[in-house]
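Visitor: Residues per chain, in single letters:
There are 2 protein chains.
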Amino acid sequence: MKKLTVAFQGELGAYSELAAREFFHANVEVAPRPVFEAVFAAVKSGKCQRGIIPIENSLAGSIHQNYDLLLRHRLHIVGEIKLRIVHTLIVNPGVKLSDVRSIYSHPQALAQCDRFIRGLKRARATPVYDTAGAVKMLKEEDIRDGAAIASAQAAADYGLKILKSGIESDHQNYTRFLILSKQKAPRAPHARTSIVFATRNVAGALFKSLSVFSLRDINLLKIESRPIQGRPWEYFFYLDFEGHAADPPCAKALDHLREIATSLRVLGSYEKGRDADGRIHKR
Amino acid sequence: MKKLTVAFQGELGAYSELAAREFFHANVEVAPRPVFEAVFAAVKSGKCQRGIIPIENSLAGSIHQNYDLLLRHRLHIVGEIKLRIVHTLIVNPGVKLSDVRSIYSHPQALAQCDRFIRGLKRARATPVYDTAGAVKMLKEEDIRDGAAIASAQAAADYGLKILKSGIESDHQNYTRFLILSKQKAPRAPHARTSIVFATRNVAGALFKSLSVFSLRDINLLKIESRPIQGRPWEYFFYLDFEGHAADPPCAKALDHLREIATSLRVLGSYEKGRDADGRIHKR
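Protein chains in written order, with our numbering: chain G, 411 to 693; chain A, 411 to 693.
Hints listed in this document are in silico derivations from the structure and should not be mistaken for laboratory results. Errors might be hidden in some of the hints.
No distinction is drawn between identical chains; accordingly, a pair holds when it is met within one copy or between any pair of copies.
Derived EDC-like pairs: lysine to aspartate or glutamate, alpha-carbon spacing no greater than 16 Å straight-line [what the hints assert, rightly or not]: (1) K492 / E644; (2) K413 / E439; (3) K662 / D627; (4) K632 / E644; (5) K531 / D509; (6) K618 / E669; (7) K662 / E652.
Modelling step: build the complete structure from the supplied sequences, incorporating the hints.
Guide: Here it is in structure tokens:
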């Protein structure tokens, strides 16, 4: 079986890589990219068959930049996976917890482990651009008085040692990732559909838009608003609902929404994601 | 007339200071604070009578951190102002555009002026933590080969020179600011009300929540969702609507919403804001 190439943002060992490996199991070749824009470009050009992007975190909320990129690029969402974010403390072999003076990670990961870090009297948090990038730096510069907070996958990728696992303050920490492709997903039995639409700026327009789903007992899973460039205080609405866009009630609801909305695009119908726990994937 | 003390986040010359001066006219004493949290704390403790925070930008979207802080702190929203963001290029006296090699500003301001910056062949963008902070740095370190992007107010505050004004790529660039107080606002004739609520995680709950307004012809102005900590994929909804919470139809709608919502709080009813153009306020 030929392996799929999947683009993700970040260094090897990033949570996006872990999510890709959970979603595609062994059947994947990962392709790191420096920015989200480059993930979309890699799929668009055909260089990678799939892309994976984080879209929301259960503590921090939506990654709005990726909502904007979904609108700008004409790719299809073909899957999702909800990954529990398990942060680990990673050091070079031989480094002990008492040696650690600096803890390197992305500011959001540092914030999510603030209780653990405050418990370490002699170490202070030092923000860097990326969780896995912090691990790479530890290794390349052979830092003996520092540790990184990143995924267990990052420790495995760079051959470093995990001192402690599950150091996040709140274990109910999940990130939902979307899988992107140039082709639509095959029909899924338990589908979720993502759309984006805009309405006229009139009283009740949003309510009417949502009514097309409620009148047909279609369950709404998420709503997100983003500003429309050049039209201050008007918004695009990103909506997720249960069902496939081709299911008769959903298709009718979308037809109905087209009467009300000034623009409407189906971003994708895809199998509803399972929850995954971040295990290590050896290569 | 005794001047009001108003806390804002940032250095003197920040857009928040400008918004405060537009809102309160001469009748204000501004109190800079390093972080948004400290703005809320200053009002809560009574050290400042008012606080001002940015809540959304017409290009970048909502400032989600401030939505979370509104929920956490029990302050009242008592006013709003929509400020057009006019970015200016600021230098030390005597510095010419051809001398400039580095342009310092907040990453978002740099991004908003990307067209102008790309037009300058020999200068490159250098991100710093704050727009007004960049101006302060230029002055303190007497930088002769650099410029800052910030408000005209910042140039006035630090006695520096404006080389060019209105350098933003998109002039439809507005930021909406909220005014915070420990007391409710006096009754306003043209009011806007902000609330936050959560619903049971059942089909149609959001639709039912919005219906309480639509059934009474109350116009919805904005909806924003934020994750509920510890309950993955459940959300708080922040809703703005036209009218005062004490107006009979609005009061009925809120009563009705209380039947549906698991939690509901009125963040404030306040006079709808005017659009303001960022002029310079001399002190």
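Visitor: The structure should be examined with respect to each hint, and the outcome stated for every one.
Guide: Hints, one by one, checked against the model:
no. : hint        : in the structure
1   : K492 / E644 : between (31 Å within a copy, 14 Å between copies)
2   : K413 / E439 : within (6 Å within a copy, 64 Å between copies)
3   : K662 / D627 : within (12 Å within a copy, 26 Å between copies)
4   : K632 / E644 : between (19 Å within a copy, 9 Å between copies)
5   : K531 / D509 : within (12 Å within a copy, 47 Å between copies)
6   : K618 / E669 : within (10 Å within a copy, 21 Å between copies)
7   : K662 / E652 : within (14 Å within a copy, 32 Å between copies)
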